[in-house]
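Undergrad: Got chain A sorted already, so can you dock chain B onto it with the hints?
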Amino acid sequence: MSVDLSNVRNIGISAHIDSGKTTLTERILFYTDRIHAIHDVRGKDGVGAKMDSMELERERGITIQSAATFCNWKGKDINIIDTPGHVDFTIEVERALRVLDGAVLVLCSVGGVQSQSITVNRQMTRYKVPRIAFINKCDRTGANPERVTAQLREKLGLNAHMVQLPIGLENDLVGVVDLITMKALYFDGDNGEVVREAEIPAALQERAKEKREELLEAVSMFSDELMEVMLEEGEIAPALIQAAVRKGTLALEFTPVFVGSAYKNKGVQPMLDGVNAYLPCPTDVENVALDLNHEEKEFAVSNDPDDPLIMLAFKLEDGRYGQLTYVRTYQGKVGKGDTVFNSRTGKKVKIGRLCRMHSDEMEDIDFCGSGDIVALFGVDCASGDTFSSGDISCSMSSMHIPEPVISLAITPVDNKAQINMSKALNRFTKEDPTFKTFVDHETNETIISGMGELHLEVYVERMKREYNAEVQVGAPQVAYREAITARAEFNYTHKKQTGGSGQFGRVAGYMEPLEEGEYEFVDAIVGGSIPREFISSCDKGFQKSLVKGALCGSAVTGVRCVINDGAYHAVDSSDVAFQLAAIGAFKEGYMKAKPVIMEPIMKVSVEGPTEFQGSIMGSINQRRGIIIGTMEEGNYTVVEADVPLSEMFGYSTILRSLTQGKAEFTMEFSAFRQVPKTVNDELIKKYQSEKKNG
Amino acid sequence: MGKKDLVMNNPLRMLGLEKKVQESGAGMGLVMARAGLGKTAILVQIALDSMLWGDKVLHVSIGEGIDKTKAWYDDILALMTAEKKSESMQATITELMQKRMIMTFKESNFSQVKLEERLDDLVQQNIYKPVCLIIDGYDFQAGTHAALQEFKDFMVRRGLKMIWFSAVTHRDDERKSAAGIPAPCHEVDDLFDMVMFIAPKDNAIDLKILKCVSCAVNAGTSLTLDPSTMLIQKA
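Protein sequence lines, in the order shown, are assigned to chains A and B.
Per this note's numbering, the very first residue in the first sequence carries number 1; after that it's consecutive.
Per this note's numbering, the very first residue in the second sequence carries number 1; after that it's consecutive.
No wet-lab data here; the hints were simulated from the structure.
Just so you know, not all the hints are guaranteed correct.
To be verified - Among chain A residues calculated to face chain B with C-beta under 8 Å, some are:
id	residue
1	614
2	617
3	618
4	621
5	626
6	627
7	628
8	629
9	631
10	635
11	640
12	668
13	670
14	673
Yeah, the Cβ is synthetic: ideal placement off N, Cα and C, and Gly gets one too.
This is chain A alone, in the form it adopts within the complex (with noise of 0.2 Å):
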C-alpha cells in the first residue's frame, strides 16, 4: 500500500446506459495486470465482465451494484467504483460520487451527452467531483467525437477541450493523437497492450496543430507561465501544459476529453494517464465532516494518517464472504485488530478483517490509511455511519437518500420461498436505502417498494437467482400518501366490559398538519389527566393509525398529534386501552382534519428529433403531465415535465411508437402532490370496494 496519498487515486466510471463504462473498466484491469483475460459484458463467452459479477448484470448487460476494485497504473494506486448507468439505481450513483475524488464521465461517441449523462453530471456538480470525459465507442458508425465535445459544453456546461484526437473514425479507428505530446499513439499486440508512439500522420497535422491551439488558449487561464510561454511564441514544454489542464480541472473549471474504443482496444492506456495527471489525490479535494460535541459545527478533514481516525461506510454488501462494509478513510489509519467507535450507535466495533475488494474477490491487507478505500468484514453497521478511533465525535454529512415511489405486492410460492424470501429482503434492504419492504396486515401480503419499476425486478430476480426464492408479483402500485390539511379536535373514551378486567382509557387533544417531517407527538397533560405510564401508549396508539389512512389505505404523513387531556380508570387502565383509545381519538380526529391523498410526481425528461415534440408534448399532457419547458438542441429537443408516477406505466412502449423509437426518456422522483378530485375519488371507490370484498 502506497503511504503517500499523492499517489492515490480514488475514481469512479459513470455515465449513460450502455456507454461502455464496464467495459473500460474490463479493459482498465486488464492493462493494469489486474486480470489477465478479456471478457464481453454480455457475457457471450460464457464469463461475463469481471466488473459485472453478478449473474443478472451479465445477462442484462447493465450494471446495478457498484463493485469496488483496486489497480496500480504506473505507480499510482487507483480505486475504482464502477457505477450504474439507469436512473433507478441512481443511490449507487450517489454513494459511489460522495466517497470519490474524481470520476471519469464516459460518452458514446454516437448518442453523445443523453439524458442519464446529464444526472451524472448534476450528482458529480452537487459532490464537487473534479472529472474527465472519455469518449468511447469512436468506432461505430456515426461516431463523432467533436460533437460529443461541443455537447459537453452547450448541454452540461463544462468547459470541455479534447486533448486527443482519433486517427480515423468508426471501422477506421485505428490511434489517437496526444495533443499535448502532440504524437500519435498505436495500440499494438492481441489486446492493444503495447503502446508505440510515432508521428503524427500527415493528413492529420493541420487538424491536431488547429486542435492544440483552441486547447492552448482554453487552459492557458489557469497558467500564467503557459499563457507567458504562449505570448513569447517559445517552445511549449508538454509538462507545463499538463499541469494548467491538472489545475483547471481539480478547480471544477475544465474537462480534458479523451476518445477512443474500449472495446476495440484503443485509446484506454492514454486515458490512465489522464487519470494519473488529471484527477486529483485525496489531499487534492476537501472532504468535511461534523463534530458532533460541538452542535455538528463543519470541519474539514486532515487526510493525516497520523491524526484520529474518520472512516465512512457508504455501502454494504452480504455476500458468499458473509457482510462487507466498504468503507472510506478520511483521516488516520486502521489495522486488523483495532476497535473503533460507530458515532451514531455509540458502540465499539473491532475489526476483524480488512480486505481490498476486487470486484467479487477479494485480498486481504493488514492496515489502510487517510484516502483509502477498503472492505471490512462482518462489522455490523447501516449504510452512512461513521467510523472514529474514540478521541474523535464526528460524522461525516449525510448522504441524500431518496423516498421509494412505486411499489409490488409479493407473495412466495411456497413455505421455503418464504424462508428465502425473508433472508433475501432482510439483505437487500440493509444493502439499499431506497428499497423498503413490509407486510400488508390485511392482505397479508409483502410489499416492496423503490425507485422505479426497473429497480423492483432486479430485486425480484435476485430473489428468484441468488436466494432461490420463487414469488408471484403483483402490478406495481403507485406509493400514494396520505395527509390532514386541517387542525381537528379529538376526544375519545375507549371503554369495554365484557367480564374480567376491563379496558378504559380517554384520549383527547388535536391534530394538525406538520410541515417538515412525518409524525410528531406532543404531550401537553397537564395535572395527570393521563398517567405518566400511559403516555407512550398513546404515541405508539398513534403511530399504529399512520400506518394505513382512512381515504386510500395509504401510509398518513406530515401529521402533529396533541393530546392535552383523558382519563384513566385505577383498576381498567392498562397499555392497551390507552392505545385503543389512541387509534380510535386519531378515527375521529382524522376525517374533520380534510385529509387529502398525495401521489408521487416525477421529473421526466424526454429527449427527441425536433420533429415530434409535438407529439411528445401530447403524450406528456394526456398524462397529467405539466410541461415545465422545451430546450432544443440543433435538430433534438428535450421536454422537461412534472408527471404523476401513476401515469407513467408503459410509457417507454407508448414513446417509442409516437416517435418511430427515435425519442428516450428518463424520471426520477421530484415531489409528492395532492391528487385531483377526480383520482382522489376513484382512489377511494376502489379502496372503498377493496376493503368490502376483503
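TA: Positioned in the frame of chain A, the structure of chain B alone reads:
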C-alpha cells in the same frame, strides 16, 4: 395569504398598469437595464401577473436552460409566499404553474420564424395556447426594426395579448431616442407600447416607466424594489 396577496404584490399592479396590460390588447413591452440588475426577475413578476389573471404564458429564454429559468419562478414565488405557507397557497402555485411553459433556444438558433413554428406546433395540437409571451435574452444589437416589426405582426396573427422583451443597456452608450429610450432600443422604441427601466438608486432599485402609450400612468412614475429580492420594497 392567497391569490389576492400575490396579485397585490406585483409591480404592474403597484404601478397601475394592470388595466393597460389586460384591456388594451396586442402590445409590446420592454424591460431595460444594465446587465445583472434584475430584468429577468421583473419579467417573471410580469409573467406571474398574467398567470394570476388566468392567462397562459410562454416564457422564451434565449441562451439559458430550462432549470435556470424555472429557478427564477421558484425563487420569486418562494420569496413572495415565505411568510405565509399554506395548503391553499401550494394549490394556487400548482395551478399557476399549469399556465406557464418555458421554451429555451440557443442564441444562434433563435428567430421569430422558428418561434412561430414551435408555437404553431403547440397550438395546432391543442397542447398549449399562450396569450402572453416573455422573450428574455433577445439580441437588440443585432435585431433590426423590420425584425421586431415581424414580432408585432406575429403577435396580431396569433392573437397574443402582450409580448414582453428584456434589453441590456450599456453604461458607455449614451444614445437615446426622442422619447428618452436608451440604446440599443432607441431606434425601435416606436414599436413598444410600454418601456420600463431598472436602475440602482441609493440602497434600492428603481423601476421607472419610460413610456406608456395611451395609459393613465405618466412616464416617470416609479416604484422602489428591494435589491436583495427584486420584490416591491416594504415601507
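Undergrad: So, for every hint listed, does it hold in this structure?
TA: Verification of the supplied hints:
For residue 614 of chain A, the interface hint holds, the least distance from its beta-carbon to any beta-carbon of chain B being 4 Å, beneath 8 Å. The beta carbon of residue 617 of chain A comes within 5 Å of a beta carbon in chain B, closer than 8 Å, and the hint placing it at the interface holds. A least Cβ separation of about 6 Å between residue 618 of chain A and chain B falls short of the 8 Å threshold, and the interface hint therefore holds. For the restraint placing residue 621 of chain A at the interface with chain B, the shortest Cβ-Cβ distance is roughly 6 Å, inside the 8 Å limit, so the hint holds.
Among the interface hints, the one on residue 626 of chain A holds; its C-beta lies about 6 Å from the nearest C-beta in chain B, closer than the 8 Å criterion. Checking residue 627 of chain A against chain B: minimum C-beta separation of about 6 Å stays under 8 Å; hint holds. Against a cut-off of 8 Å between C-beta atoms, the interface hint on residue 628 of chain A holds, since the closest Cβ of chain B lies about 6 Å away. Interface hint at residue 629 of chain A: satisfied, since its Cβ lies 3 Å from the closest Cβ of chain B, which is below the 8 Å cut-off.
For residue 631 of chain A, the interface hint holds, the least distance from its beta-carbon to any beta-carbon of chain B being 5 Å, beneath 8 Å. With a least beta-carbon distance of about 11 Å to chain B, the hint placing residue 635 of chain A at the interface is violated under the 8 Å criterion. Below 8 Å, beta-carbon pairs count as interface contacts, and residue 640 of chain A has one with chain B at about 5 Å; its hint therefore holds. For the restraint placing residue 668 of chain A at the interface with chain B, the shortest Cβ-Cβ distance is roughly 13 Å, beyond the 8 Å limit, so the hint is violated.
The beta carbon of residue 670 of chain A is not positioned within 8 Å of any beta carbon in chain B (closest approach about 12 Å), and the interface hint is therefore violated. Hint status for residue 673 of chain A: holds, given a least beta-carbon distance of 7 Å to chain B, under 8 Å.
Comparing the model with each earlier hint shows violations of hints 10, 12 and 13; every other hint is respected.
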